Amino acid sequence: MRVTGYWRNISFLYRLAGWKCTHCGAFHHYKPVICRRCRSREFTQVELPGSGRLIAYTVIRSPPKEFERYAPYSIGLIELEDGTKILSQLTDFKEDELRDGIRVEAVFRKVRVNGEQGIIEYGYKFRPVLSRS
Amino acid sequence: MRVTGYWRNISFLYRLAGWKCTHCGAFHHYKPVICRRCRSREFTQVELPGSGRLIAYTVIRSPPKEFERYAPYSIGLIELEDGTKILSQLTDFKEDELRDGIRVEAVFRKVRVNGEQGIIEYGYKFRPVLSRS
Amino acid sequence: MVGVYVAGVGFTKIAEHWDKDLEQLMAEAAVKALEDAGVSTVNAIYVGCALSEYLQCQANLGALMAECTGLVGVPAFRSEAAEASGAAALYSGFCDIASGRSEAVLVIGGEKLSDGLPEEVSSGMLMMSGRSWYEGFMGADFYAISALLYRLYSKRYGDEGIPFFPVISHEHAEGVAHAQYPFKITLDRVLESPFIAEPLRMLEVSGIGDGAAALVLVSEGLARRLKSPKIKIFISSATDYMNPFDREDPLRLQSVMLSVSKVLEQAGVSRGEVNMVELHDSVSILGALCLESGGFSPPGAAGKLAMKGEFGLNGRLPCNTFGGLKARGHPFGATAIYQVAEIYLQLTGRAGKNQLDKPRTGLAISLSGVGAAAFTSLLKIEEV
Amino acid sequence: MVGVYVAGVGFTKIAEHWDKDLEQLMAEAAVKALEDAGVSTVNAIYVGCALSEYLQCQANLGALMAECTGLVGVPAFRSEAAEASGAAALYSGFCDIASGRSEAVLVIGGEKLSDGLPEEVSSGMLMMSGRSWYEGFMGADFYAISALLYRLYSKRYGDEGIPFFPVISHEHAEGVAHAQYPFKITLDRVLESPFIAEPLRMLEVSGIGDGAAALVLVSEGLARRLKSPKIKIFISSATDYMNPFDREDPLRLQSVMLSVSKVLEQAGVSRGEVNMVELHDSVSILGALCLESGGFSPPGAAGKLAMKGEFGLNGRLPCNTFGGLKARGHPFGATAIYQVAEIYLQLTGRAGKNQLDKPRTGLAISLSGVGAAAFTSLLKIEEV
Ligand SMILES: [Zn+2]
Ligand SMILES: [Zn+2]
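Here the protein sequences line up with chains F, P, Z and X, keeping their order.
Note that our numbering gives residue 48 to position 51 of the first sequence, counting from 1, and the numbers run on in steps of one.
Note that our numbering gives residue 124 to position 127 of the second sequence, counting from 1, and the numbers run on in steps of one.
To convert, count from 1 in the third sequence and add 94; that's our numbering.
To convert, count from 1 in the fourth sequence and add 94; that's our numbering.
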């Protein structure tokens, strides 16, 4: 991805902020011209809840070029508390800690260094919620 | 261009070698499957003459990214002694030496360093033929 | 063949749209076109974009646009023919309707050049106008090749009037809301501008901008039922050797000659009946060569005719009526769609201060590379 | 609509063709197809390629292919729909003939993945299966998304038989001259291969190769006059949300469901009359989902049916009869054209040792991304 695309989408990548269709409730992580589900044109800005449940995860071992230096890394499919499903890198976990169904929460992290320009790009990642004993 | 593409086409880039259609005489700087002019399938390998006449030239001042460090550089349209027209970078000339119609000859030069891999790519360039006094 | 009609158009201003992603820009144009046509859905989406893989790291733009226009489900893919990518999408959309398979299709052209640095855009242009390991290897870019053509032209015919093409385009762009450079320039300013690749001057070449434009094409059947103004459309295309100096005569663009002749024949229109032309003036010399190769000017005469005013809004054959590539702007994959949309505005009497006097037929020439491919679209007032 | 026929096919072996440029590979396939069809020229060329801009630094591939096939002049441009780019080119070529505009067109699909490093090919795949600033930003590549789908599938249905899909494909590829991996593998070897993105194993995903394939499509009128065997063809397409987890049910590929239903309706064929299917098994789980979403297996049952032998050459519904994406190979833009060419060989009795017993109808499913778009082609023996 280009740095320009990163800048434009920082509100989602930093804060899980996006646009919710006032008609059908569909969430858009980009600013929509028209609702991708119902074609309505009215939206309200919302922030997604920062916690949810890990539905499934995987580990990338042979990553694309931009991610070579970060391999292996984990990608999870997460269902947030409001039911929205999002993808995220997983972080701050111990080797045996990842299991489908565990509770996870959003944290702000460095995601990568962008190509030739060397710009450090930050964004959300999710980590297991520590069970309070 | 990728380094792979450079390696595959070295015979032309180093030696002006290519394929001539045995039917219509059309020159191909790549190995043709079928003649681009007459659709014949028979070719002989040939080397183009290394000298000719400069038909026209120009100077690139705002070059593509790969050529930034070489700007400004000159591109010439050259008619070789056998009538074949080719494009070439021009080299080894003094500021006021380039004129349409002058005689030019091929030389072997470093053309550029290829991107991230840092491979030095060589090829032909043309320079003015010194008039013998 | 089912008759094909343009039923609505939409486009954005051409500018550096820092705040929008390519797909947002394209969705904006698409939604406007659907509204303009009074159509809420279509049978297919054809997307034209030249450099999304390189400049946005984005492929599969067709499916992405189906989603961004709220039309998930509908077939959608991208066509690429370098700077004429929008025309390639239009060509495919045209055949779809003409075959009777679809009643309505959306054609969207878009390009977001400001996502790259200027030298990256130049690298993109290098991919479009030459073979990667020949012109690309030596850095003989679009401007270099165009400059060499310009030299050959000057030697054969002189260059009188060629630098006047940008003057015409800028004159027509003045005050045009969607134009990137909506102001006049003088011939002196063109001639005083520095060389980009001599003899080609900075003010003879189009700039770098972002833009998206869209059309709704419909079948004659649907055209009859819609309330929006309908204009019949035809399109033809032809190719030539990638490198103009491999062609028999580099100053005759065979792709233009063939595609113009074919589209006129298809539409049953003579050259004399064409009331306006949108030229591919990404560089001044190509504007002139389009006219000459298309048979709208004798060889070597386009510049002189331009100086005489023949291609102005009140001339014999108005050209680039909203500013052409030079002044309205040239976001590659979108350009051909802007051209067609502007003819549509002219033929439907919606051209505002640029309105020509009741034109009935307009023609747009869209090139890829230095004429390696040409697409010619013809729009014509014809009752459904 | 004019009926459209396949009149000839050509393709190269899928391999790492170090000695050939992409355009040479494509020209080779094209010239073979023209010879096979007994046609010396065509009215248009449709080129499918996913990543030429990124991997070859080459745009304007359409015009380049007109030149490399000796057909300069003919309209030619590229279609891109990620891994289904060849099918997008076929779709456009189909509409061209169906409209009555062209009598014969050449459709060429090609991809040269060996021009990039493996991690560069992965980056290319990242552009194809997600939005650049969402999946692309976090590195959620095609394998990651497929692996997550695989997990959901296993939870709902169990994964029995899914890893058997590669076994079937390799069995069929054995000894196939154009296949990249023409040898058998056992289920044990699949299960013992390391994870690429768990639960997805190395031997459940297709490799990296170069290849090109071409078809000649002709109108029913020309089909009548040609001597080569002719097979009627139909094609449909549909899209879905780019990200499967934005879909109502990620395990139902709506794009497959819609495109299969539409093409069957178009051809007047029922599912039961389909004699063979070429699946998009770039990863094992997608092969299974194609069958289930296409209505050729109940949901959750494809793996079990596979284990029972239903999809073998002698099964109820032979699949991937020359090895599919997994074993024949998967050079993105070429893949759909290989699929159609292989069905053509089957229906014309030219499939050699892989020949099915008099099949009359075959169907190919070609996906882009993780089902963001699907193209379904149907070939059918039908007298002209
Ligand atoms: Zn909605
Ligand atoms: Zn020849």
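Keep in mind that the hints were calculated from the coordinates and are not lab data.
One should not assume that every hint holds.
To be verified - No farther apart than 30 Å at their CA atoms in a straight line, the calculated lysine-lysine pairs in the DSS-like style are these:
1. F:62 to P:107
2. X:398 to X:321
3. Z:402 to Z:321
4. P:91 to Z:249
5. Z:107 to F:17
6. P:82 to Z:278
7. P:17 to P:91
Being a predicted model, the structure only gives us computed values, none of them experimental.
Tested hints:
no.: 1; hint: F:62 to P:107; in the structure: holds, 29 Å
no.: 2; hint: X:398 to X:321; in the structure: violated, 43 Å
no.: 3; hint: Z:402 to Z:321; in the structure: violated, 41 Å
no.: 4; hint: P:91 to Z:249; in the structure: holds, 24 Å
no.: 5; hint: Z:107 to F:17; in the structure: holds, 27 Å
no.: 6; hint: P:82 to Z:278; in the structure: violated, 40 Å
no.: 7; hint: P:17 to P:91; in the structure: violated, 35 Å
The structure is inconsistent with the numbered hints 2, 3, 6 and 7, although it conforms to all the rest.
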